[in-house]
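If you read the protein sequences in the order shown, they are chains H and V. Here the first sequence stands for residues 5 to 124, numbered as in our numbering. Here the second sequence stands for residues 5 to 124, numbered as in our numbering.
Each hint can be trusted.
Remember, identical chains collapse to one label, so a pair may be satisfied in a single copy or spanning two.
For lysine to aspartate or glutamate, the following DMTMM-like pairs were computed, each having C-alpha atoms within a straight-line distance of at most 25 Å: (1) Lys-20 / Asp-109; (2) Lys-40 / Glu-62; (3) Lys-83 / Asp-10; (4) Lys-83 / Glu-11; (5) Lys-83 / Glu-62; (6) Lys-20 / Glu-36.
Source of the hints: derived by calculation from the structure; they are not laboratory data.
Protein chains: 2
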Amino acid sequence: MILRSDELPRSADVAKHGGVGEFGVETILTKEQMGKAGRLFVRGTLKPGHSVGMHRHEGDMEICYFLSGQGMVREEDGKTYTVYPGDVNVTPSGHAHEIVNTQSDANLVYLAVVLFNGDR
Amino acid sequence: MILRSDELPRSADVAKHGGVGEFGVETILTKEQMGKAGRLFVRGTLKPGHSVGMHRHEGDMEICYFLSGQGMVREEDGKTYTVYPGDVNVTPSGHAHEIVNTQSDANLVYLAVVLFNGDR
Numbered sequence: 005m006i007l008r009s010d011e012l013p014r015s016a017d018v019a020k021h022g023g024v025g026e027f028g029v030e031t032i033l034t035k036e037q038m039g040k041a042g043r044l045f046v047r048g049t050l051k052p053g054h055s056v057g058m059h060r061h062e063g064d065m066e067i068c069y070f071l072s073g074q075g076m077v078r079e080e081d082g083k084t085y086t087v088y089p090g091d092v093n094v095t096p097s098g099h100a101h102e103i104v105n106t107q108s109d110a111n112l113v114y115l116a117v118v119l120f121n122g123d124r
Numbered sequence: 005m006i007l008r009s010d011e012l013p014r015s016a017d018v019a020k021h022g023g024v025g026e027f028g029v030e031t032i033l034t035k036e037q038m039g040k041a042g043r044l045f046v047r048g049t050l051k052p053g054h055s056v057g058m059h060r061h062e063g064d065m066e067i068c069y070f071l072s073g074q075g076m077v078r079e080e081d082g083k084t085y086t087v088y089p090g091d092v093n094v095t096p097s098g099h100a101h102e103i104v105n106t107q108s109d110a111n112l113v114y115l116a117v118v119l120f121n122g123d124r
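Only chain H is shown next, with the shape it has when bound in the complex (with noise of 0.2 Å):
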């Protein structure tokens, strides 16, 4: 099955974890795609100044691939990384993260992989 890029099925934005503005959700997997596996693969997108707050994984991670745009994430212990496209960001059990787009100009899109990789 192919999906195309520009035809990823889009859910209204939300706000998620207390973040700026909104997080644009094109869904790759639904829910019951994922199954035991995990429970989120989108791409998701951060319109400039716009956030994902900080949030603490717990009983499972998640991985973040960035693919265009600049952005911040800050961990838990408040360190900060300047994020281009290709890096990624682990966010194991255990664990949190903030994600924020630092850039005006442009939106920071990445994909966003939630996974039960533990006991349940």
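Please arrange chain V on chain H, whose structure you already have, making use of the hints.
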């Protein structure tokens, strides 16, 4: 944890499923990190003319997100699709696919994720 694009661990290129040439692997998650969620989360590279041969998924599903280059996906019914960056090839359990870099001047680069989404 941040993994930088140019520092992803590269493993020796391997021929896959009788394809042409080699499949270059940059690891994003190890098999251990995938745990019960799956068995593969890599950025793969096919050089011009190289391919991953037709193979069937049984008990797992593969998601291929195309990052750069242009290629061809063939499914088990013989249908072929030209794929471009941002397109996705989803191969559920019980289905087969083949991936070919059809270009002569550019690598075909994609994220390959294999998930255990069913009962195991």
